[in-house]
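**Q** Protein chains in written order, with the working numbering: chain A, 1 to 385; chain B, 1 to 236.
Rather than coming from a laboratory, the hints here were simulated on the basis of the structure. Ideal Cβ placement from N, Cα and C applies to all residues, glycine included. There could be a bad hint or two in this list.
Claimed, not checked - These stretches of chain B come out as covered by chain A in the derived footprint (C-beta under 8 angstroms, 3 or more residues): (1) 9-22; (2) 107-116.
Unchecked claim - If you only want the chain A side, here are some residues facing chain B, beta carbon under 8 angstroms, derived: (3) 9; (4) 10; (5) 13; (6) 293; (7) 294; (8) 356; (9) 357.
Next come the chains, spelled out residue by residue.
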Amino acid sequence: MFALSIAKRFITHNKTQSFFIVLGIAVGVAVQIFVGILIDSLQANLIDKTVGSSPHLVISNNVDTANLNRFADLETQLKADTRVTKFTATATGNVFVLTPDKGYPALIQGVEFTSSQNDVFGFQKNLMSGTLPATASDALIGQDLLNSLKTHIGQLINVADAQGNKHTLKITGVVDTGVLSVNQTLLVTDLKTAQDFFGYGNDAASVVVQVKDVFNVEKVASSLPTSLAGQQLLVKTWKQTNAQLLSALGGQSSSSLMIQIFVLLSVVIAIASVLSITVMQKSRQIGILKAMGISDRDAIWVFLIQAFMLGILGASLGLAFGFGLFGSFITFAKTADGSPIVTPYIRTIFVSLTWLIAVVAATFAGVLPARKSSALNPIEIIRNG
Amino acid sequence: MANIIALQQVNKTYKNGALETPVLFDINLNFAAGSLNSIIGQSGSGKTTLMNIMGILDQPTSGDVLINDQNIQTLNKNDLAKLRNQTIGFIFQFHYLLPEYTVLENTLMPALIRDRKLTSAATMRAKELLDLVGLANWMDKPSTQISGGQQQRTAIARALMNNPAIILADEPTGNLDSKSSDSIHALFCTINREFKTTFVIITHDDRIAAKTERIVEIRDGRILNNADNTLVFKNI
Ligand SMILES: Nc1ncnc2c1ncn2[C@@H]1O[C@H](COP(=O)(O)OP(=O)(O)OP(=O)(O)O)[C@@H](O)[C@H]1O
Ligand SMILES: [Mg+2]
Numbered sequence: 001m002f003a004l005s006i007a008k009r010f011i012t013h014n015k016t017q018s019f020f021i022v023l024g025i026a027v028g029v030a031v032q033i034f035v036g037i038l039i040d041s042l043q044a045n046l047i048d049k050t051v052g053s054s055p056h057l058v059i060s061n062n063v064d065t066a067n068l069n070r071f072a073d074l075e076t077q078l079k080a081d082t083r084v085t086k087f088t089a090t091a092t093g094n095v096f097v098l099t100p101d102k103g104y105p106a107l108i109q110g111v112e113f114t115s116s117q118n119d120v121f122g123f124q125k126n127l128m129s130g131t132l133p134a135t136a137s138d139a140l141i142g143q144d145l146l147n148s149l150k151t152h153i154g155q156l157i158n159v160a161d162a163q164g165n166k167h168t169l170k171i172t173g174v175v176d177t178g179v180l181s182v183n184q185t186l187l188v189t190d191l192k193t194a195q196d197f198f199g200y201g202n203d204a205a206s207v208v209v210q211v212k213d214v215f216n217v218e219k220v221a222s223s224l225p226t227s228l229a230g231q232q233l234l235v236k237t238w239k240q241t242n243a244q245l246l247s248a249l250g251g252q253s254s255s256s257l258m259i260q261i262f263v264l265l266s267v268v269i270a271i272a273s274v275l276s277i278t279v280m281q282k283s284r285q286i287g288i289l290k291a292m293g294i295s296d297r298d299a300i301w302v303f304l305i306q307a308f309m310l311g312i313l314g315a316s317l318g319l320a321f322g323f324g325l326f327g328s329f330i331t332f333a334k335t336a337d338g339s340p341i342v343t344p345y346i347r348t349i350f351v352s353l354t355w356l357i358a359v360v361a362a363t364f365a366g367v368l369p370a371r372k373s374s375a376l377n378p379i380e381i382i383r384n385g
Numbered sequence: 001m002a003n004i005i006a007l008q009q010v011n012k013t014y015k016n017g018a019l020e021t022p023v024l025f026d027i028n029l030n031f032a033a034g035s036l037n038s039i040i041g042q043s044g045s046g047k048t049t050l051m052n053i054m055g056i057l058d059q060p061t062s063g064d065v066l067i068n069d070q071n072i073q074t075l076n077k078n079d080l081a082k083l084r085n086q087t088i089g090f091i092f093q094f095h096y097l098l099p100e101y102t103v104l105e106n107t108l109m110p111a112l113i114r115d116r117k118l119t120s121a122a123t124m125r126a127k128e129l130l131d132l133v134g135l136a137n138w139m140d141k142p143s144t145q146i147s148g149g150q151q152q153r154t155a156i157a158r159a160l161m162n163n164p165a166i167i168l169a170d171e172p173t174g175n176l177d178s179k180s181s182d183s184i185h186a187l188f189c190t191i192n193r194e195f196k197t198t199f200v201i202i203t204h205d206d207r208i209a210a211k212t213e214r215i216v217e218i219r220d221g222r223i224l225n226n227a228d229n230t231l232v233f234k235n236i
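From just these sequences and the hints, can you work out the full model?
**A** This is the structure we're talking about:
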């Protein structure tokens, strides 16, 4: 197309100037990308820290003292639900870890280990050393409990329940849940081990679930059956147990939205002003072309295409800059223990929307000068040189 | 001979806010197809204003402009642009070449606007025209890296590109030395004779005007002398 070829020539003719325009747009987009990804990552990290290694939904028998019967039916349904990411049945009980001089209170948490889809509590992620339980007598141990017992991986420990039933467990791994009180008492075994130990039979204490969208957990909850094999089910969401945290998260996300809107606004304005100046600089050429009979429509196209191309170049370079900036931020900004301040959480929709908005803004920034140029009378140019 | 340009009762008043500057008064003027004409007059007399109106770059305040017997008032903006592109070639006092393009590309621009793409036929014609104006060896130079005379000759080649019926030239050699000026005007005569192109040349230079078929003199916005210069012209 011929307007395209003129626009291209206008851009490539003065490469230094075009480069600085592209750079100007790119810097704006880079800031937007950097701030956006940082905010998203902080938010995601916060959510992950608070509910990442705990159930979003707990399904149990409505009768407090009763176990959950025929939970496998429930699991079949959860498996088919694409909104569900992880689930496992649990069986729990209190024990004492016996040492020659003292008994340490502990909680045995039995969960399924058949696939990574069962890892609601994030044991794999929180495993400091060792391996996950593989056989019936294997157990994970909380880091602080391990220290109290002065034992280590591969050693056997003896536990006893309230009835005095004894069991020997082999420590295969150490976990750090990030919560001291839990680390001081936690023992994790395979579901079957806990079922047998505490007399659950084929039942479970609960089925715990993690979902993709933690803020819409109720939707999943409400689609669950209210009764199962004659028992009434009780479904609790993390929101019900974390009301305060929830409002804090809500406040954070609305303030970060405001920040992003203002950053975006300034980026759009910057793009528009940079572009309208450059486009105006070509009005002399447009005057000459109009004297030679270029149509108003083609004159508008020349500017729109020019703005569009500069927008695409600037926005794309801005993405690269933004990612580079964020990359170096997480490389250099470290916490005291050397781990990055945030783990990156990048939403494709945010990145592509930022790019698109920048390109659209740039193109629109070309509209005003383009319309001015179309109204331009060539004799103005001819007269004023 | 048929009139290719006709101005009937043309008046022009520039308006800048409340300030009105009347410049042209009741102009009645015809140019025959294929003729070679000059317009002379003092600075500020209205020559450029008249040319802009003939070249439909500007509209008269009142009166009619006919190009090829067609009243331009009946044409829309697109038709006017098309008419400018295909019927009229402009040569201004300053060359107004596009700095982004080479000599050849500048010459091709009217054809590019007409065809909306580059054709090999257009490229061939552009090269011929550049050869004609003596720029065969400068075609691929950026238009900013040639001399003033060469730039003006490029502008001439460009004006001829679409083989327009009319060439309007506003002091085309005003910035050139007399030798370059003479060769360019000789070129105009050649083109006029060979292609039957109508020329209207604005000039300050009586010497140049004397070499045209007809001299139109304008004073204070009125046609003063509309002399047929044919006799003198023929004797050159
Ligand atoms: N846009 C305008 N607004 C107001 N007055 C104008 C405008 N353009 C031209 N004029 C006036 O109109 C008159 C004629 O101008 P024009 O340019 O046609 O003169 P000219 O004969 O071409 O002069 P020169 O030989 O100096 O080029 C001048 O008095 C000029 O000041
Ligand atoms: Mg003038």
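**Q** Hints first: check each against the structure and report whether it holds.
**A** Hints, verified against the model:
1. Counting residues of the stretch 9-22 of chain B whose C-beta sits closer than 8 angstroms to any C-beta of chain A gives 0, which falls short of three, so the coverage hint is violated.
2. Under a criterion of three residues with beta carbons nearer than 8 angstroms to beta carbons of chain A, the stated coverage of the stretch 107-116 of chain B is upheld, 6 such residues being counted.
3. Look at residue 9 of chain A: its Cβ gets to within about 5 angstroms of chain B, closer than 8 angstroms, so that hint holds up.
4. Taking 8 angstroms as the C-beta contact cut-off toward chain B, the hint placing residue 10 of chain A at the interface holds, the least distance being around 6 angstroms.
5. Nearest Cβ of chain B to the Cβ of residue 13 of chain A: about 4 angstroms, under the 8 angstroms cut. The hint holds.
6. The restraint placing residue 293 of chain A at the interface with chain B holds, with a minimum CB-CB distance near 2 angstroms, inside the 8 angstroms limit.
7. Taking 8 angstroms as the C-beta cut-off, the interface hint given for residue 294 of chain A holds, the closest approach to chain B being about 5 angstroms.
8. Given the 8 angstroms rule on beta carbons, the hint for residue 356 of chain A is violated: about 30 angstroms separates it from the nearest Cβ of chain B.
9. Restraint check, residue 357 of chain A versus chain B: the minimum CB separation of about 30 angstroms is more than 8 angstroms; hint violated.
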